[in-house]
Amino acid sequence: KQEVTQIPAALSVPEGENLVLNCSFTDSAIYNLQWFRQDPGKGLTSLLLIQSSQREQTSGRLNASLDKSSGRSTLYIAASQPGDSATYLCAVWLPTASKLTFGTGTRLQVTL
Amino acid sequence: DAGITQSPRHKVTETGTPVTLRCHQTENHRYMYWYRQDPGHGLRLIHYSYGVKDTDKGEVSDGYSVSRSKTEDFLLTLESATSSQTSVYFCAISESIAISGNTIYFGEGSWLTVV
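So the sequence lines, in the order shown, correspond to chains A and B. Take the first sequence: its letters are residues 78 to 189, numbered as in this note's numbering. Take the second sequence: its letters are residues 7 to 121, numbered as in this note's numbering.
Treat the hints as calculated values from the structure; they're not laboratory data. Positions of the beta carbon are idealized from the N, C-alpha and C atoms, including for glycine. A few of these clues could be false.
Said to hold, decoys possible - Which chain A residues face chain B? A few, computed with CB under 7 angstroms, are given here:
hint, residue
1, Gly120
2, Leu121
3, Ser123
4, Lys176
5, Phe179
6, Thr181
Bound conformation, chain A alone (with noise of 0.2 angstroms):
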């Protein structure tokens, strides 16, 4: 069964720090990852895909990487924000189902 961890479940940092968000799953024959954005009382926001043959992905101020053979992502936030305060989720496919097993999050908070 495949399990996606993310640590630390929380994370506060000063306005303009540079921060990482870890995902790590087990089963290293996924299809893609992605990452994801929840605001309090919203639905889920798509940041990034990485497909299972790309390394890497960007996007403005955040870039997500994948390294498959060690089952791990990180997501890169550049000169954070206080509004880039959410919860981050990363999410993997599968290979045998047409579904997403998603990790537990990291909830950001970036303080001015």
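Using the hints, position chain B against chain A.
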């Protein structure tokens, strides 16, 4: 934003009563999903649909049924609600399955409390 509407957004119901949550999409996507989100468990798939009248179970399907009679609508029914089904329910859609790299879009969620 993807056109996904969930209704109701908030509901309080009594144990043993039936409850139906509706997901409506305007994107004409083939795949539709129902997830529940609980503290400490993250999001877990309840049921999903890969076409009209084509549905399959997810990892936490016990106590839930679904129906999809039209491309745009996916209904989740709790036949007899229990307190363990108190949760936030999210509908999601995708154009195709994972291998094509299509992303998945989520609705705003339905908060269900069973008392």
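A quick look at each hint next to the structure:
The interface hint given for A/Gly120 holds, since its Cβ lies 4 angstroms from the closest Cβ of chain B, which is under the 7 angstroms cut-off. The beta carbon of A/Leu121 is positioned within 7 angstroms of a beta carbon in chain B (closest approach about 4 angstroms), and the interface hint is therefore held. For A/Ser123, the interface hint holds, the least distance from its beta-carbon to any beta-carbon of chain B being 5 angstroms, beneath 7 angstroms. Interface hint status for A/Lys176: upheld, as the beta-carbon distance to the closest one in chain B is roughly 5 angstroms, under 7 angstroms.
Hint on A/Phe179 holds. Least Cβ distance to chain B is approximately 4 angstroms, under the 7 angstroms limit. Checking A/Thr181 against chain B by beta carbon gives a least distance of about 4 angstroms; that is within 7 angstroms, so the hint holds.
This entry satisfies every hint, going by the numbered hints stated previously.
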